[in-house]
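K.L.:
With these hints in hand, go ahead and build the complete structure from the sequences.
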Amino acid sequence: MAEMFVTLGTWNWLIFGVLLMALELLAPGIFLFWLGLAAFLVGMLSFIITPGWQLQMLLFAVFAAAAVPIWRRVAQQKPGANPNPFLNKRTDALIGRVFTLDRPIVDGAGIVRVDDTIWRVSGPDVPAGTKVKIVQADGASLTVDVA
Amino acid sequence: MSGFDIFAIAIALLIIFTLFAGVKTVPQGFDWTIERFGKFTRTLSPGLNLIIPYFDRVGRKVNMMEQVIEIPEQEVITKDNATVGVDGVAFFQVFDAAKASYEVANLQQAIVVLTMTNIRSVMGSMDLDKMLSHRDEINERLLRVVDAAVAPWGIKVNRIEIKDIAPPADLVEAMGRQMKAERVKRADILQAEGQRQSEILRAEGAKQSQILQAEGRREAAFRDAEARERAAEAEAKATEMVSEAIGRGDVAALNYFIADKYIKAFGQLAESPNQKVIMLPLEASSMLSSLAGIGEIAKATFGEQAAANQAARRAGSVPPTTPPRS
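Top line first, the protein sequences correspond to chains A and B.
Going by the UniProt record's numbering, the first sequence opens with residue 1, and the numbers climb by one from there.
Going by the UniProt record's numbering, the second sequence opens with residue 1, and the numbers climb by one from there.
In short, the hints are calculated from the structure, not lab data.
Possibly wrong hints are sitting among the right ones.
[Stated by the list, open to error] Within a straight-line C-alpha distance of at most 27 Å, the following computed BS3-like cross-link-like pairs (lysine-lysine) qualify: (1) Lys99(B) x Lys89(A); (2) Lys61(B) x Lys24(B); (3) Lys130(B) x Lys185(B); (4) Lys180(B) x Lys163(B); (5) Lys39(B) x Lys89(A); (6) Lys39(B) x Lys61(B); (7) Lys24(B) x Lys99(B); (8) Lys89(A) x Lys24(B); (9) Lys163(B) x Lys130(B); (10) Lys61(B) x Lys89(A); (11) Lys39(B) x Lys99(B); (12) Lys264(B) x Lys299(B).
Quick caveat: nothing in here was measured; it's all calculated off a predicted structure.
P.N.:
Put into structure tokens, the structure is as follows:
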């Protein structure tokens with residue numbers, strides 16, 4: 001492998017880089033694109049300055065590691081408002097909604113009927129029929145307050 | 001190959017593998033738990049995540065989407081001792097990946113077993129008829145109990161549905177017969193009621209018609225009586241008028257009337273088509289002559305009085321109380 005790199009020279013990196021990027025398309029999400037980009041960069045760089053292949057390999061590793069913070073920044077940039085911020089976060093979507101208590105809240109725990117299912121809620125003790133507002137959601141537990 | 005060659009390759013490989021170990025892309029709908037030296041530390045949410053390789057590793061990959069599990073069929077003995085096969089489905093969703101991973105060993109199996117035992121206790125307290133007709137209530141009760149029970153596992157059961165309630169075949173057959181009998185009974189009752197109604201209506205009609213007929217007769221009788229009264233009145237008046245006329249005039253008029261009637265009656269007798277021979281009593285002729293005699297006497301008696309009356313009316317004075325004898 002080392003010899004092959006030596007004989008083919010800088011083109012190896014470019015071919016390697018393109019290959020990795022193509023593999024990313026077949027199996028997305030496993031970081032191969034960034035490795036490919038790093039390999040491509042090393043290839044381009046070796047046209048200008050021609051370090052030894054060992055150095056090229058280290059450069060490749062450094063570029064690959066550097067790709068992580070760059071990728072992170074890219075991932076954090078929002079390409080637009082999330083059309084569905086409550087995906088898989090059903091309880092968060094309930095915050096602010098007002099419901100009628102199905103059963104009284106006794107000792108801080110009660111039941112509210114929401115969308116044809118029941119939710120256990122915690123909050124101040126109030127009789128059944130009181131309108132309550134969901135103020136906080138943590139996992140499957142909801143906190144309510146008198147609306 | 002020099003030492004530097006090998007070192008360079010080794011470093012490159014190490015960095016690549018470290019990157020693979022440290023960069024985690026969590027797909028939407030899943031949460032991954034992270035364990036540091038085997039102890040849970042945090043949960044990765046969907047998207048790009050970095051963990052520290054060598055220290056951290058991914059523990060469980062938890063499905064955060066709502067999932068459905070089949071509750072297998074089981075035999076339930078109802079309150080009235082019928083054995084029915086019941087199966088169902090349960091929908092649940094994980095809200096806390098850590099609790100769902102570490103608080104319970106086999107989440108799905110735990111939910112299935114919990115639901116099955118609760119189905120048995122809820123449905124076992126009902127009799128068969130109620131069980132078949134109160135599915136909503138059963139579902140609700142199950143949901144309430146199971147949802148409260150799974151709360152420590154960081155999940156929520158959104159819905160439990162009893163899918164099928166299968167009573168034994170002979171019971172189904174008996175229920176079918178019962179239903180048929182019920183319908184037949186209703187049909188019979190309806191028919192009898194219809195008959196009763198129709199007969200009542202018919203009788204009422206007959207009654208009404210009889211009443212109306214009687215009323216008609218009554219009315220007719222009243223009118224007949226009235227007619228007779230009126231006829232009698234008219235007769236009386238006629239008689240009165242005749243007697244008045246006689247009183248005023250000549251007795252010969254009376255004679256004339258009687259003779260006229262008598263002869264007319266004779267004429268009718270003679271005209272009668274089936275009676276050509278007329279039997280006259282022997283005294284008839286003498287009666288006729290006596291009639292003439294009576295006429296003479298009456299004429300003699302009333303004639304003078306009538307003449308006197310006429311003279312008095314002419315003179316304008318009151319006639320004498322006793323007429324002069326001739």
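K.L.:
Could you run down the list of hints and mark each one as holding or not?
P.N.:
Structure-based check of each hint:
1. Our distance criterion of 27 Å between C-alpha atoms is met by Lys99(B) and Lys89(A), whose separation comes to about 16 Å.
2. A threshold of 27 Å between alpha carbons decides the hint, and for Lys61(B) with Lys24(B) the separation of about 12 Å falls inside it, so the pair holds.
3. As the CA atoms of Lys130(B) and Lys185(B) are separated by approximately 23 Å, the hinted pair is consistent with the 27 Å bound.
4. Distance restraint check for Lys180(B) and Lys163(B): the Cα-Cα separation of roughly 26 Å lies within the 27 Å cut-off, and the hinted pair is therefore satisfied.
5. Of the supplied pair hints, the one linking Lys39(B) and Lys89(A) holds, its CA atoms being roughly 25 Å apart against a limit of 27 Å.
6. In summary, the hint linking Lys39(B) to Lys61(B) is supported, as the alpha carbons are separated by about 15 Å, within the 27 Å threshold.
7. A threshold of 27 Å between alpha carbons decides the hint, and for Lys24(B) with Lys99(B) the separation of about 21 Å falls inside it, so the pair holds.
8. At most 27 Å may separate the alpha-carbon atoms for a hinted pair to count; Lys89(A) and Lys24(B) meet this at roughly 21 Å.
9. The straight-line distance between the Cα atoms of Lys163(B) and Lys130(B) is roughly 16 Å, inside the 27 Å bound, and the hint therefore holds.
10. Between Lys61(B) and Lys89(A) the alpha-carbon distance is near 17 Å, which keeps this suggested pair within the 27 Å criterion.
11. Proposed proximity of Lys39(B) and Lys99(B) is supported: the alpha carbons are some 13 Å apart, at most 27 Å.
12. For the hint linking Lys264(B) to Lys299(B), the alpha-carbon distance of about 23 Å falls within 27 Å, and the restraint holds.
The structure fails none of the hints (numbered hints given earlier).
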